[in-house]
Each structure stands twice: as C-alpha cells, then as structure tokens.
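Start from the sequences, fold in the hints, and give me the full structure.
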Amino acid sequence: MPARRPVRWHIAVFLAPAVLVYTAIMIVPLFGTLNLALYNREGDARVFVGLANFATLFGDPRWSASFWNALGNNAWFFLIHMLVQNPIGILLAALLSSPRLRMAAFYRTAIFIPTILSFVIVGFVWKLILSPIWGIAPGMLGAVSLKGLFAPWLGQEGAALTTLALVSVWQFVGIPMMLIYAALLSIPDEVMEAAEMDGITGWSRFRRIQLPLILPSIGIISILTFVGNFNAFDLIYVAQGALAGPNFATDILGTFLYRTFFGFQLQLGDPHMGAAIATAMFLIILAGVCLYLFGIQTRLRRYQF
Amino acid sequence: MATRSSLPRTVAAHAILITWTVIALFPVFVILINSFKSRRAIFAEPLALPTPATFDLVGYTTVLRQGDFLQYFQNSMVVTVASLFFVLLFGAMAAFALSEYRFRGNLLMGLYLALGIMIPIRLGTVAILDLMVSAGLVNTLAALILVYTAQGLPLAVFILSEFMRTVSDDLKNAGRIDGLSEYRIFFTLVLPLVRPAMATVAVFTMIPIWNDLWFPLILAPAETTKTITLGSQVFIGQFVTNWNAVLAALSLAILPVLILYLIFSRQLIRGITAGAVK
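If you read the sequences in order, they're chains A and B.
According to this note's numbering, the first sequence is numbered sequentially starting from 289.
According to this note's numbering, the second sequence is numbered sequentially starting from 54.
Accuracy of the hints is not assured; some may be wrong.
[Unchecked claim] The calculated label-pair distances, taken between Cβ atoms and stated as ranges, are: (1) A:Pro534 with B:Ile69: 26 to 36 Å; (2) A:Ala482 with B:Gln124: 53 to 63 Å; (3) B:Leu224 with A:Phe346: 45 to 55 Å; (4) B:Leu78 with A:Trp297: 49 to 59 Å; (5) B:Leu270 with A:Trp297: 19 to 29 Å.
Everything labelled a hint here was simulated from the structure, so no lab data went into it.
Idealized CB from N, CA, C, for every residue including glycine.
In structure tokens form, the structure reads like this:
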C-alpha cells in the first residue's frame, strides 16, 4: 500500500502568524461590534432585539433619509474617483513608463508626495487655499482675470462634495499610478520590442499590448478604490467636521456612522444603531467585492512570463 | 525612425507630467513658504517667498517651546517600522501558502483573509480597547504595532498572492528537484522575485499607519507614546488662531515623512526596476 501523503506542515507554518494576529486583533473585535447591532438598550439592561435596529434604520423616515443621503453622496464620491483618479493615474503611469524618459524618477517621487500626507494636513491646507478670506484661489483666478469663476465651493451645498472628492483625487492619484507603473514595468522587454518590430508604437502599443497585460492591476485598483471610498471618513471629518456640512451635503457613510456611534453636539452616541449602520456598510462593501471576485476577476486572463 | 516621431510626443509627455507635478506640490509649497513668514506677510502676500523683511521664525519657536516633537517623531518611527516588518513578513508567508499550494480550504482561507480589506478595523475599536486593557498594553507602542499589523495584513496578502501567481512554476520546481526545502524556496527564490510588489505593499502599508489619528488617540494618548500625527493635531487644536504656529507645526509634520519617503522611494525604485529586469 502506498503511504498517504505526509501532512504538509509548512503550509500551516506559512499561514499561522498572519492568521493568528489577524483573527485576534481584527476579526474577533469586529464581530463583537457587529453583534451589537442585534441588541438595544432598555433602561440599564441590554436586550436582544433581533433586526429591529435595521427596521428603524430603513423604516423610520428620520433615519432612512440620512442613510440614503449618505449612500447617494458616497456613490457620487466613488464615481468621481473612478472617472478622474484612475484614468489620470493610468495616464501618468503610462507616460512614466515610456523608455528613455528623462526625470521619470523625479516626477514619480513628486506626484506621490500628496499621498503620504496625513488628512490633518490635507484638510487644513485645502481649506486655506479655497478660503474666500485668505484667498489663494481667488487671487490666482484673479491673476488670469477669471475671478468671477471663484465661489466658496466648500460652503456650497451643490459643490462641496465634488470639491472634496477632487481634493481626495489629488491626494490619492499616486496609488493607482504606482500600481499600474509597477505592472507596466513587469512587462518583459521582448514583448515590447516584438511590438516595435511589427510597427506598433505609441497609443496603439498601449491599447493593444500594454492594456491587456495590466488589466488585472486595473481590476485591483478599481476594487481598492471602491473599498477605500466606502470606508472614507477622515477627509470629510477634518474639512467639514462630523456634521458634514453644509446641511449634510458632504455626509457619507463613514461620517454618518461616526455621528451615530459617538454622538455629536447634544445628541448622545448610540452604539447599537451605529453598529447597525456599520453592518449595512459591511454588506454593501461585501456585495461590491463579491461582484468583483466572482464576476470580473475570474474572467481576467493572466499571463506568465 | 523612432526619434523622428517621438520628439512631439516627449514634449507632450513632459508637459502633462510637469503640470500634474505642480498641482501635486503647490499646497505643500504654500505651507512651507508661509511657515517662515511673519503674520502680516502671511495674510498680505500668501504666495510670495519669504524675503529678509518678512522672514520670521516665530512659528517654529512657539512650536518647539510647546511640544516634544522629537519624541513624537521617534514614536512614529518605531511604530511604523515595526508594523511594516511584521506585515511584510507574515503577509508574504501567507500569500505564498495561498498561491502556491492546493489544499482543502484554500479558497475559504483566501476569502477570510480578504475580508479585512473590506471592513475598517475601526469598527472593532471598543472591543480592541477592552482587549488591550486586559492585556495591560494601553499606552504602549506595542498595542499600536499589533493593531497596525492586523490592519495591514489583508491588503498585503491580497496584493502579494496576486503577484506570486505570476512567478514561474518551472523555477520553483527546479528548486524542488535540487532538494531545496519549501522554506528555502520561499525565502531565496520567490521573495526576491516579488520585491517590486513588496515595495508597493510597503508604501501602501506605511502611509495609513504613519498618518493614523484614531488609534493613537484611543490606545496610546500618553505624552510618552504620542505619535507625530496625534501630536500635531493636538497642537493645531490648541493654536487654531495662531497661524504662524499652525503652519510651522504642519511643516514639521510634513518634513519627517517627506524625508522618510524620499529615502524610501530610492529603495522602491530599485525594487521595481530590479523586478522588471529579472
């Protein structure tokens, strides 16, 4: 009888450290919090209420209006990132990766700098630049005699969210740029040279040779953008405060969760409703990621060199 | 032939890259130049470079009198470097196990580890605080390192396993035929080949750790364990109308991470190109 295959202990050794730390510090506390969503406070006691908190969140007009407002704003925030941040990132990466480009290292380093700044700095500096009082932006528009175009964008209900989304694009465009750049560099020179032999250069080389090869990376940056945007909180918080003004025009799920969970001004924090919102966010993100993993990623072709 | 058509294209490429570089650096430039100017000059000519008449270090002297920025910087360095080390080591090991071996529960384990990309670890803050209190780790840098390691692992595993799938099987099988153990194959064959991906993961892991305000505030707010982000946020809150001091504090918060990044980006570039040349 042939012996059974020996237990492959090395698999466990490779997996153990990551799985242990991750489970103890992240998963267990997270499910502890999600569990809170099923309880509520009555007097001093914590009682199990099942899905009643979700019925309140979607049924009670005071809660559901805020929720749908935050979700809609969040979707717009994400859309701007997909339409502005990722195409600019891919364009910059494609330009940077062209051979014999001088100063490529300088550009790459400089363009990534906003990404390393903390939200504390980014929120503060853009508020200063866009401020109608200190006025770097109105002054600069005035210098090209377009001063009429200036408006206090961060204070306008119609423009505040888009403005903040563009600030976020400004800050994070370095991430898709770096990922795509690394993917473009990993394409072997022989492939590019073969294309050049066949007379495929410039735009058509990018579209027909490079683009298919970096599609998996574009998939990754899309899903990272989605997850990052639906978890976003800090920029809105440092620029507009927990109330996400003006008149909740910049409220996204993260700030809505924060206000509910920790309270603001005169309203007390409600950990149970907060946990219900957190669970809703979790399900939204889970749906998006599943769509990517099963609908898109499995159809991408991978090439081994 | 190639040079003939590429001159206008090169000019266009530089024009686009320079434009975006200016957009990217302009706000940082505004903070830095104004931090060296007197209060009146900040308001009168926000875009002017400091001249001998407007040069003023009052902001910096206020900041350095008030806060222990050197200590904050050291704390941030310790937390960031230690977390980064554990994320890269543990993450690469797990990614290798997931991408290399077929075993029961492989897909499930991958999904389990990927779960952490989707959920912000902040949702578990209350339970994490309880855990750290019972472990006696409150107000220690170890608490922050543990949390950031857990936070960084899912993305590291996701990206690294994606890249490890492209490492050629022939190479690994050749190593096995030569009698290398699975550990040797991982550390001497696979790790060097995924260095560009490691550098990418390192940058993406480092930034949120360095800039995090939330966990330092909750887990380690003591004076001796404050990170630089928390330190400068507290400072801005106290000196909100003293523009010289705020701009100087922001500059001091930017400069260390800028220097760290400039040192690190050399490694990053070397890593990326080394991987590409193969």
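### Query
Can you list which hints this structure breaks, lowest number first?
5
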